[in-house]
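Read off the chains here:
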Amino acid sequence: MDSLLNSSRPPVFCPGCAHERVVRALDQALTGMGLSGEQVVIVTDIGCSGLFDTFFNTHAFHGLHGRALTYATGIKMARPDLTVIVTMGDGGLGIGGAHVLSTSRRNIDLTLLVLNNFNYGMTGGQCSSTTPQDARVGSGFLNRIERPVDICEVAGAAGAAMMVRASTYQKDLVDQMQSAIRFKGFSVMDIRGVCPGRYTKHNKLTPNAIETELSGFPPLDHYAARNARTEYGTAYRREAAKLEPVPPPARIHAEHQAPQSGRREMVILGSAGQRILTAGEILCLAGATAGLHATQKNDYPITVMRGHSVSEMILDEHEIGYTGIENPSVVAALAPEGVARRKKMFAGLSADTLVLAAAGVELPDTPARVETIDFKALKLKSPDRALAALARLAENRRMLTPEMLDSALALRFKGRVLEGARYVVETGRS
Amino acid sequence: MALTLLEGNEAIGWGALDAGCRFFAGYPITPATTVYNTMLRLLPPSGGICLQGEDEIASIGFCLGASMAGLKTMTATSGPGISLYSEQISFAVGSEIPIVIVDVQRLGPSTGSATKGADGDIQFLRWGNSGGQPVIVLAPVDVKDCYILTRHAFNLAEIYRCPVFIAANKEISMTRETLDLDGLNKPEIRNRKTADPDRPFLPFATPEGRLTPDFLPIGGDRLVRQTSSTHGPDGYITTDPALIGQTQERLMKKLESAVDGFTFFDEETVPDADTLVITYGVSGRAARDAVRSLSGTDRPASLLVLKTLWPVPEKRIQEAAAGYERIVVVEMNLGQYVREIQRLLPGKDISFVGRMDGELVKPGEILEVIHG
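Just so you know, the sequences run in chain order A and B. So that you can map any letter, position 69 of the first sequence is 69 in this note's numbering, and since no number is skipped, the others follow by simple counting. So that you can map any letter, position 37 of the second sequence is 37 in this note's numbering, and since no number is skipped, the others follow by simple counting.
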């Protein structure tokens, strides 16, 4: 094939624009590699470089400013066989800098061509992330007080192994592009050129000046060895292939008789690290072994290992509506943090409510019946108290039975953890 | 009957997998993180892809790319992430990219309260895209809905080539609950309609009598163009007002004219009731308890729990409300969807019950308003 250029849509750049040369170089690079349009996706964003996809007879994806690498990543992960070329200008580079960093860190097999013309061509020649500090651009003095970015150095620091600083006008541009496209990983080309419509109206910039400047940059060669590694998609598929499929969610059949009927609510008031949520889950599982519907609603701070942990469970033979606690059958008060979190609740408890309180945890005044458990005397550590409280309830056939609890433990735990849980239950029931 | 204990977010994950989701990308955020955790557990071992983006914008961008390559995709976040998704959502709306977006709502505004529930994004989801074209929003009430509505969401995204939101809430998504998975009435899996191989392909052309373009994947043996710019049927930028206008009207009509076909709701109709409670989301549970507690009293009430919120199922709401003088709207916010109800039911006595403090609306609060 001679060309992948779309003959019915010739380039429409300003006369003398560097972009048009890059369009032709990209066409020569792709056709020279023997690629057909069906094998190539050109992903673009906004600005003059965003027109690239329209000039080619390839697959095309034109999206939001600065986000081209995000779409390209999705496409490449879905279709690793495709050659995915991303173009962006120095505008998209500035907007999507985080994506350049992350794509460099991933080393996914994409080729990024940065069409760098040192300013925003489409919106009036404002400064971009690559504008020199001494340039005169449409942003007044603002470019004078911030530094331009050398994206190749940044990409290398972020983990990319293949970076090329290039001039639009250099003779081997096509060869350089082919090397970048052939590279099995993320490759970046910073392709510098003139913007006659805006930038060179006020700034002297010639092909020679670009080449001279390029020769002054530090070399990038050391990144090739330093950042050499398996391409992201290949590594991803290799890791994923090691994983075992996840079994479908457990189906729990009713095998026990619940001790009571109607809606029964329980609140466990504890602190982080007390396995409050696990105990709540076990109560729900226990309910399911008696054919009961269950809900568990938790309240804990965004931090871990500190603060309150509150779990609210409801069991009912009917489907559960409101998941809030209205009239708990049982409150387990296991730590001051949890009690403090629900201190207003205690005065409103009914006389029918049973409060199981860990010895030493102070309670607000309450009309409920309080039963104190001395966990220390039982030699039960803090993380076992919530489960031990369930054991005490099961022994009293309140909310659940010993059979329901044991079946729940067998659903939730295995091996030595199950043995340990059964020991806690045995100790806690007395 | 066998019961399964799942968190709402886990049920969303299983629903997605069973619907054919093969690509998920997300950025962790409470209370949506467990959707991501679930997809990371389920997808890679089954040949699917699960990625963690560097931010929310990247995460949804990955999904849009993968969707155009032909995969069924999903992402999940909370209100702050929906803000960051916004421009990409507009893209998916205007350029007809199928995607399921889970918004596990938390108490806002802004960073708000990470571990508190709310239904505060209900108007935001509808109007959070530039251009204001319609989107589909489904709102689960419980863990069953998390599973079933996610399956519906994938089907709708495929059929109409559009973003479909699951408007969940911390109070559903992070609540564990039993459900009978095998007893659910599961919708048949639908896939996007691929273009006829014998006819020329234009990426945004619609076949006669249809409002959604046929699909071909990027990377197939026929060239596909996707663009976020205003385009004609060929996928190239256009400035032709006639072409632009046709496309924009089609985008609106393809969803608004179809909503009767995907209006999901629960209804409890009580003869002789003069009050209808209309609600959605987790508040549907308290409302059901409230309405049932009035059964057999001298002032019973009926209930309509909407699960399709956008496009507004206008016909269903007007039909359901026809026989009632009083309407009570319950929302876990300070009054958002009630605006739609007021618009649709002029002349009715409409009361509102809501709160925005991270607490669930209680059945008792609803009863107080029903009793006037």
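The hints are simulated quantities; they were obtained by calculation from the structure and are not laboratory data. Hints are supplied without guarantee of correctness; some may be wrong.
[Stated by the list, open to error] Here are the computed distance ranges between Cβ atoms for each label pair: (1) B:A2 <-> A:K343: 36 to 42 angstroms; (2) B:N191 <-> A:P249: 20 to 26 angstroms; (3) B:K186 <-> A:E395: 53 to 59 angstroms; (4) A:A254 <-> B:D298: 48 to 54 angstroms.
Even glycine gets a Cβ: it sits at the ideal position worked out from N, Cα and C.
Hint by hint, here is what the structure shows:
Separated by about 40 angstroms at the C-beta atoms, A2 of chain B and K343 of chain A satisfy the suggested range of 36 to 42 angstroms. Remark: the range hint 20 to 26 angstroms for N191 of chain B to P249 of chain A is upheld by a beta-carbon distance near 25 angstroms. Under the hint 53 to 59 angstroms, the C-beta atoms of K186 of chain B and E395 of chain A, about 41 angstroms apart, miss the expected range. A254 of chain A and D298 of chain B have their C-beta atoms about 38 angstroms apart, which leaves the hinted 48 to 54 angstroms range violated.
Violated hints, in rising order: 3, 4; the structure is consistent with all others.
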